[in-house]
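Colleague: These protein sequence lines map, in sequence, to chains A and B. Note that the working numbering has the first sequence beginning at 1, numbered continuously upward. Note that the working numbering has the second sequence beginning at 1001, numbered continuously upward.
No lab work stands behind these hints, which were simulated from the structure alone. Keep in mind that the hints are not guaranteed to be accurate.
[To be verified] So the derived label-pair ranges between C-beta atoms look like this:
no. : chain 1 : residue 1 : chain 2 : residue 2 : range
1   : B       : Leu1061   : A       : Lys134    : 55 to 65 Å
2   : A       : Thr20     : B       : Leu1051   : 34 to 44 Å
3   : B       : Val1236   : A       : Glu12     : 22 to 32 Å
4   : A       : Gly121    : B       : Arg1045   : 24 to 34 Å
Yeah, the Cβ is synthetic: ideal placement off N, Cα and C, and Gly gets one too.
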Amino acid sequence: MDKSDVAIEAKELSKDFGSTQAVKSVSFTVNKGEVFGFFGPNGAGKTTTIRLLCGLTKPSRGSAIVCGHNIMRDPTGVRRHLTITPEESIFYEKMKVGAYLEFFAGMAGHTSKSKRAKIEGVINICEVSDLMDKRIAILSHGQRQKIWLARAFLSDVPIMFLDEPFQGIDIIHRKVIREYLRNYVKNGNTIFFTSHNLIEAEHIVDRFAFIDRGILLKIGTAHELRDQYLLPRYSIRVSDPVKAQRILSDSLLLGECIAKGDEVVVTLKNREDVLKIVSLLSTAGVALMEMRLLGTMEEVFLSIRQKTEGIA
Amino acid sequence: MTDKKNEAVESTEEHSCRGTFSMNARKKLRLIFTITCRDIMQIRRSGLPVLLTVSALLLSLIGIPFFIYANAGAGFGGALHLNGASWTVMGIDGLIAGGDANRAFLSSLTLLHLVYAYSMVITMILVPVAFSIAYGQEIKKGTVRTLTCYPVGVFEITIAKLTYAAIVGFIFSMPVFLLPVLGLEKPVGDLFTIFVTTYVISLVIVAVGAFVANSITFATKKMYIQPTLLANLLVVFSFFTTSTVLSFLSYLLSYASPFFQAVGQLTPLSLYHQGRLLLSSVLGGPEFPIWVVFLAPMALLFLGTWLSLRLWPDIYERE
Chain A
1 MDKSDVAIEA KELSKDFGST QAVKSVSFTV NKGEVFGFFG PNGAGKTTTI
51 RLLCGLTKPS RGSAIVCGHN IMRDPTGVRR HLTITPEESI FYEKMKVGAY
101 LEFFAGMAGH TSKSKRAKIE GVINICEVSD LMDKRIAILS HGQRQKIWLA
151 RAFLSDVPIM FLDEPFQGID IIHRKVIREY LRNYVKNGNT IFFTSHNLIE
201 AEHIVDRFAF IDRGILLKIG TAHELRDQYL LPRYSIRVSD PVKAQRILSD
251 SLLLGECIAK GDEVVVTLKN REDVLKIVSL LSTAGVALME MRLLGTMEEV
301 FLSIRQKTEG IA
Chain B
1001 MTDKKNEAVE STEEHSCRGT FSMNARKKLR LIFTITCRDI MQIRRSGLPV
1051 LLTVSALLLS LIGIPFFIYA NAGAGFGGAL HLNGASWTVM GIDGLIAGGD
1101 ANRAFLSSLT LLHLVYAYSM VITMILVPVA FSIAYGQEIK KGTVRTLTCY
1151 PVGVFEITIA KLTYAAIVGF IFSMPVFLLP VLGLEKPVGD LFTIFVTTYV
1201 ISLVIVAVGA FVANSITFAT KKMYIQPTLL ANLLVVFSFF TTSTVLSFLS
1251 YLLSYASPFF QAVGQLTPLS LYHQGRLLLS SVLGGPEFPI WVVFLAPMAL
1301 LFLGTWLSLR LWPDIYERE
């Protein structure tokens, strides 16, 4: 990987709060043009890591390069290249949404000329045009979250740090915002993403990193991690589930094979056997309508956590 | 040839370094300006205008009758007759002959003392109040942490809030000062000089308080004392250590307390006291300030700025 392709490089980053080690010697790189997901349970060190990378908290040890800037040497300068949505949204409650966005457009470095167009853009993405004249104090949780995201989207920067960005946002708007974020990374920008909702995160994250009790446990794509930590489990919707169950059990080495409703759930002991399933069913005259790989990233995380219990 | 090339490269690099520095400085100034503008635009939402208007009205209610009363020759048992009095002549043009200890205080007063004290009280209330509300509320409500999501640090935020206090403090205190004292038939330039001196001193004390608090935070790694609190404490300290205030308190209590005498040792450190002496020398009086005392706040501001630039924004975190 060329150095110029790296957006974030953390080198043995550590943070102590008194005798508590919140982040323990964490090292990783985040590439330009990817959504990097950072996951873990409460108190794992996700938010602290974000704060370290954004130059908001001084590392106890180690360092990081963000957009070519060393966070130790120029912590304020680093923030010229990134935008942050901290998990806890804190507002100027008495301000109207329009004035709030205008203020932060100024903070994002927009001139009076470019402000208007940028604000219009984020209003459309977050669909908050009807809220512009309302005071923030009277908004619902979901509306506030949309304004919180809109504030972050005002910045034209190459890195976005999103800490629990979708909490409180309805399904329709999540989809629109997800699309915006996908387009953002398509242009070579980077997103550092944290959430407790791993199922949601799978829609957007390119690479997953799991942290627990300050220790970085594992990094990889969803595919790599599933292969490594979960047995291959498939849900197969067929015309005759009972017949399919019998054929597959007789022909393949399976861990589990259950017929329920119009589907069969099989756990393969040999990963390559997946190629045989289609031909076996086809030869037996069982129509295959749908085949899905089971196993969520939540299960992956739990498996990783279990296997690394001793380390963490 | 190569040397010339190297010189040219160095010169270009130097220029680009300077260019980057000035560009960054300009960007930071713009962010400071943006924060100050927001505070000014949202001033009515902070409740500050109500507080400042009430303070201004109360001060005017004291100031206007006082100067009319004293001007008419009725003040302090007929001792004061301000109209036409010189700025720096003791006992207001010799109208006070002196006598017992209490009258000795009155006889030591000049017109400058009275006008300066009035201006000092106005600015020492309105400037720190503006600063405290603008900055204190941001820290208390945590909104300052949203500001730190942008390329501003503790130093820039402190400067933005001081700028706000300077603008708002000036707008509110100027009319409150001028309204009652214009009737003194003194040159407006003199009055303006007195006002500007107290205003600048109040602002400097607030700034020193804020930056010293930041320095303490830098040393202790935790915000044990908020910039707004220390700024207010320093203003109060500087007010109560002026020789006039100490003499006035002795005059009110009718005895020379050892406590006041002890506090009186600190009088030379009071910027308000030195400000009055400075004005006395400017307006033709016999007193002169101790110039070196003005260096102390400058040194503290310099040190505070240097340390504030090294503070990480996590000092605003609630633990």
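Colleague: It remains to establish, for every hint, whether it holds in the given structure.
Modeller: We went through each hint and held it up to the structure:
1. B:Leu1061 to A:Lys134: 55 to 65 Å: About 40 Å separates the Cβ atoms of Leu1061 (chain B) and Lys134 (chain A), which means 55 to 65 Å is violated.
2. A:Thr20 to B:Leu1051: 34 to 44 Å: holds (42 Å)
3. B:Val1236 to A:Glu12: 22 to 32 Å: violated (48 Å)
4. A:Gly121 to B:Arg1045: 24 to 34 Å: holds (27 Å)
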